[in-house]
Every structure is written in C-alpha cells, then in structure tokens.
Amino acid sequence: MSDDVFSTHYDMMRRYLTTFLQEQGSMLGRNNAKEKLGRLSERQFYDLSTDVFDEINRRRENDRNVPFLPVRNEFTPKRNQARQKLATLPEFRFKELSSEVFFELERRFPRIVQENDARYGPLYTDSTARPGVNGFQNPRSVSPNRPLPNPFQPPARIPTTASGRQIPQRGASRAALDGAGRTRRGGSPPPPMPTTRGMETLQRQPTEMMSRNGSLPRSTTGRGGVSNEEFERMKARYEAEIETLRKQLSGQAPSPEIKKLNAELAMSKMAKRDVKQKYDVLLTDYETIQEELKAQEKAAEALRKDVNSLLEDVQTLSQKNQRLKEDKERDAETIRQLREEVERLGGEAGSVTASTPRTRNDSAKGDLFFSAEDDAEDPRILAYQDAAERLVIAARGNTPTNVLVAMKSVIISIKGITEDAERLEARVESTDDFTDLETAREQVSDALANLVSIAKEHATSYNKNDIGIVEDGVQRVDEDVRNLVATMKRAGGDALLEGGMNDDDGGDTTGPEKRRRGSRVLEVVELKIFIEDETDSIVSLIQTLVTSLKTGTPESSNSTIQSIKSSVDDIIFETGRTRSMLDSDTRSQSDVILEVLQEAVDNLVETGEELLRLEGNRAVKQKIGTCSYEVAKHVKSLLGLFE
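In terms of my numbering, the sequence shown opens at residue -5 and continues consecutively.
Treat the hints with caution; some may be incorrect.
As the list claims (entries may be wrong) - In silico EDC-like links for lysine to aspartate or glutamate, alpha-carbon gap of 16 Å or less: (1) 615 / 603; (2) 617 / 604; (3) 483 / 413; (4) 79 / 48; (5) 483 / 423; (6) 409 / 472; (7) 483 / 416.
These are calculated hints, taken from the structure and not from any lab test. This structure is a prediction, so every number in the text was calculated from the model and none was measured.
Turn these sequences into a full structure, and let the hints steer you where they fit.
The structure is reproduced here in structure tokens:
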C-alpha cells in the first residue's frame, strides 16, 4: 500500500467534496467517528478508503446499468455486501462519510495535503478553516454563537462481554451509517434485545448522538431534528435498559448444555490434535515409502536389463557350445576313422617306406635341388625350396593329407615369381625376351599343375604310391622355376627380382614372397575373395608350422613364419588400399583389427627369431603356437566384417 494510492484517493475526494466542505466545514468533525477511524489499522483504513473511492467513481459516472458496486471475487462476502450498501446512502450522508475518510487521510498523510495545496491552492479559507486533527474544529471556524466543545468529554465506552473481553467495534462507515440514519429519520431506535450486541447498540447510540449534538445549544434543535431535552430522556431510558441487561447477563450461570458443549469442544480439539499428529507421521512415512519405491523401481529396471542381457549372452553361448559339441563329435568320428585306417594300412605304409630310394633322414635340398651359385641366394628360389622340402617331408610322413597343406605353401611361393614374370612381360621391348618369358612361365605353371595332381593323388592313396613320384614332380618344378628366374634376369628383371624396381603403380617388393602392390585397387567384393584366399593360405601355413615345430628344423619353421608374415602383409596392404570404399563402421572396425593383426604377426616373427637362437626350446615352440593362433583369429575377424 503505497502513498501513491492514498494520494489518488485524496485527490478524488477533494474534487468531489470541495463544495460540500466549504458549505458544511463548520458543521463537520464528529469526535466519535474520528476516534473509530483513528483506531483502524492501515490495512482496514485502506479497504475503507478504497470502497469510498470506488463508490465516488460509480456515482460520478451515473451509469444506470450499475446501480451499486459490483461483487469482486477477491473480497469477502461481508465486504461486498457493505460496498453495495453504500449505494443506498443519500447524497448528503454519503458525503458526510466521505468527508470523515477525507479528514482521516489528512491526519495520516499530511505530506499529501501539502502537495495538493501546493499544486491546487489551499482548500480552506479564513471563513472555512480546516478541521483540527483531533476531531475538533479549528478555533477560527467556530461560530461565535456556538459554545466551545468540551475537550474533556470521555470517549465512547467499549462494550464488554460477561467474561470481561472487549467486543470489537463495527466499521466506521457502518457506525456512521447506523447513527446518522436513525438520527436523520427522527424515528425511535428499535427496542433493545437481551443480547450483548443489543447492549452494544444501546451504549453506542447515546454516545454518538451526544458527540453529534453536544455542540448545539439546549434550546435549539440539531440537524437531525432531536432536541437536547429529548436526547436526555432517551439517554436516561437507554442507560436504565443497559443496566438491566448487564445485571441479567452477569446473573446468568452457564447452562449444562453449554458446559457439555464446551467439554465436547475441548475433547474434539484434543482428538483433532492427536489425529493431526498421526496424519503428519503417516504423511512423512508415505513420502519416505514413495521415495524408496521409486529407487527400488529404478534398481529393478536396471536389474531387469542386466538379466535380459545375461540371458541373451547365455543363449548365444549355449548355441555356440552346441555347435562346438557337434564339431567335436564330428572330429572325434574322423579321428576314430583315421586311426582305424592307420592301423589297417600300417603294414603297407611300412613296406612302402622301405621301398623308397630316399629315407626320412636324407636332406631334401641336397638330393632334389641344384645348388648353382647364381640362384642359391635368390630369395624366391629359397622360399620355394623351403616349401618343397616341407612337401617332401609331408609325403614321407604317416599322414598323407598333410601333403595338401604343404602344397599350398609351394603354390604361394611360386605365385610371387610368376606375378613378377607377368609384370616383366609387360615392360620388355624385345619380342624374343617376351616369348622366352611367356614360355618359361607356362612351363612353371604346367609343372606346378602336375605337382598339384600328384599331391592330391598321394593324399588319397593312403601311402600306396611311391614317394619318388612326389619327389620327381618337385624336382621338375624346381628346374622350371630356375629356368624362369634365369630368363627374367636375361630380360632385365634383376632389379625386380632383387626388390629394387618399382612398377607403374609405385609398388615395391620385399621379403621372400612378392606382394600384390603392382596390381590395381581391389573392389570390396574382390577384397573379400582375396582375404578368403589368403586366410586359407595362412591356416595351411600355420598347420605346416605346427608340423614343422614337431618334426622339422628351426630354419624351416622360421621360413614358414616368414610366409605367414608375407600373407598378412598382403592382407594389410590390400585392405588399406580399399579402405576408402568401405562404409564408416566397417572402416573403423577394420582399422582396429589390422592394428592388432600387425602386432600379432610381429610377435610371431620375433618368436621365430628367438627359436633360431634357442633351438629345441619347448617354451618358445609353445609361444609360437599361441602367436600363430592369434594371427589366425584376427584374420578370421577381419574376414567376418565382409560377411
């Protein structure tokens, strides 16, 4: 409630009451009404001022459709009813009530009065001076024929109940309305009722009439039409009735019903307090349980997700375990059949082995291969000779099917030489060199195809064929390979064979087996086929490596490891070139797999070199087996990305 609101009220009332105050100024200033307004709190006075302000606006607008102040939802029903009753007051009585509020505004907010006087000039002249702040008129405004009011007149008595408690006074506007209405109508007051409210009314009416008419001479009649003699008679009668009512009230004892109701009320209050305490406890428990329930629901949901995930894992593992069991049963059946076959053919194998012109202890290199100084150190011929030696060892063994595994190593070693020959054919300018290269390469291909047929026949013959047939096939391939290498050197392919010539695509040659760096970039489908082929080769080489670790020399094992590394390098190289054609997910996963694959093959090579230093070390051989298994696992994982 700012002063601006009260300033607005004051400004409106000043303009509304200007003429009325100048005409009736000396007749205003009722002491009783001033005291009641002075006892109002700031909030109560604000409400009264607001109601009067709204009624002034309604009367000034004079809208027939608004006969009284409308009901407002933010006000209580009692206040809305009092606001509507303001419309029933006559113009003079309403201005009287407005002037009382106006004077109280001047008393409470003198700053607002000063601001308005400075802005519009003083409202009161010498003939119509401003009423005093104590409710009395300014001495200059008192008529010479009017006696001075008694400043020691006692204030209005506040009625009390039988227990001594004060009864709250009714609002100033209601009191002024009741008092003025009864006085101005000149009618007699209603007969007193034997209640506290009736006694309050009887006490208030004489006091109000005295305050309103106390300044009039006894021989004259006030504005309400009541003479002093009549007033004295009414006062005496009311005081007698008040005294009678007071005696009646003080002499009455509380009835049993009232005592019973008071006792029940006290018990009800106690029961209500107990119920309220229990309710508060239950409400606290309920809120705690709700929080615990929410936490448990979250935990249950998380547990449900974990259980579902575990169930899926268990189901996957169960399916995988079932497949492994089936594979194990098939392998066990195959082993059983092979054992029976070995036992059945044991005698025949012994006779075949005894009839061979060479024994297992013979040196395959010394018996089968020429040792020309020019070719002895050629890496491709050495790689081929190592693979051919493993093929002969497998052919002399008790497991004919190992020949097929070793045969793959021979094919891989020769493949690098023939690819170099093809690239050299495209570069030579001489027709004779081209013809010689083509003829030599075709001879190698024919000899290799013949050796493959011999190996397949030997693998299915159960050692019935002479081992010399395999050795003759190997020797023929060796002769053709040497012839092809010599032809390539004559045609100017020394740099290519030694790894120093770069092809048109910027590729180079490193290691005993030539990589595919001179070919075009593979498509995704072609890369998948290439990885499948290389995976089969790596698996075959790993099987050969395991066999070599058991029966071969460290040099042969290390040669097989180099072949595995060459195949892995080819896979990494070709995958890297085709990387841009892969989708983002496959590309990111392949990068991770290639990284761990490179690390695994490096570990395998380091372990192979360690085997050369520690020949026959069992722990190193076991480590080689573990490293080779890691290589195979990562290669298959890479192949799985393209399924």
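16 Å Cα cutoff - pair residue 615, residue 603: holds, 11 Å
Satisfaction of hint between residue 413 and residue 483, Cα-Cα up to 16 Å: holds, 15 Å
16 Å limit on alpha-carbon distance, applied to hinted pair residue 483 and residue 423: Satisfied, since the Cα-Cα distance of roughly 14 Å is no more than 16 Å.
Distance restraint between residue 79 and residue 48, which requires alpha-carbon spacing of 16 Å or less: OK: residue 79 and residue 48 at ~13 Å, within 16 Å.
Restraint status (C-alpha distance of residue 617 to residue 604 at most 16 Å): holds, 10 Å
Proposed proximity, residue 416 with residue 483 (alpha carbon, max 16 Å): Answer holds: residue 483 to residue 416 is near 13 Å, not above 16 Å.
16 Å limit on alpha-carbon distance, applied to hinted pair residue 409 and residue 472: It holds: about 14 Å lies between the C-alpha atoms, which stays within 16 Å.
The earlier numbered hints are all upheld by this structure, with none contradicted.
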